[in-house]
Amino acid sequence: MPNVTIEYVILIPLLFTQVILFPLVASTMASNWQDSQRDIELQDVANHLASTIQQLYLTVNRDEILVGTVTQVSTIPVTVASYSYSVTGSLSDPPDGSAKILIFTLILDDVGNTVTASAVLGPNVNWIDSTLRSDSADAYIELQKFSNGTLTFSFGG
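Residue numbering for the sequence shown follows my numbering, beginning at 66 and increasing consecutively.
Treat the hints with care, since some could be wrong.
Distance windows between CB atoms, simulated [to be verified]:
no., residue 1, residue 2, range
1, Asp-161, Arg-127, 15 to 25 Å
2, Leu-89, Asp-158, 42 to 52 Å
3, Thr-134, Ser-157, 20 to 30 Å
Just so you know, the hints here were simulated from the structure itself, not pulled from any lab data. Here the structure is a predicted model, which means the values were calculated and not measured. Note that the Cβ used here is the ideal one computed from N, Cα and C, for glycine as well.
Produce the complete structure using the sequences and hints provided.
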């Protein structure tokens with residue numbers, strides 16, 4: 066009979082540990098994996114947006130392009146992992162003044178995943194504070210070219 070008691074003393078706590086610990090660990094691992102997947106997908110969107118802005122800049126920042134406004138309909142996906150998101154931008158001006166960096170911050174609604182991407186642009190760029198909502202039906206990127214060569218970017222919609 067003493068062997069049975071020792072087995073119960075050892076095995077019962079081990080069984081309870083397995084019943085409680087394994088589901089908790091599995092749930093935590095699945096949650097971390099989903100969070101990482103959302104970060105990766107959101108980073109892809111951020112990089113695509115930065116690339117689009119750089120292409121617009123390189124296209125319009127030429128002497129052949131006249132003064133005016135260019136509107137680029139948003140090509141970013143409406144949702145990432147079934148969540149909508151918002152995009153904000155801020156312009157950074159390095160001390161040497163040779164270029165400006167437009168930094169985009171994307172925040173996933175309800176879960177809060179946040180990523181950034183940047184687009185290196187020339188010194189003749191301005192940014193108007195604005196927010197792009199991914200679920201907006203008429204979201205767009207606006208670029209205004211002025212006679213002095215200044216290019217002003219903003220989000221609309």
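Hints, one by one, checked against the model:
Separated by about 23 Å at the C-beta atoms, Asp-161 and Arg-127 satisfy the suggested range of 15 to 25 Å. Checked against the hint of 42 to 52 Å, the pair Leu-89 and Asp-158 passes, with Cβ atoms roughly 48 Å apart. Between Thr-134 and Ser-157 the beta carbons are some 24 Å apart, a value that agrees with the proposed interval 20 to 30 Å.
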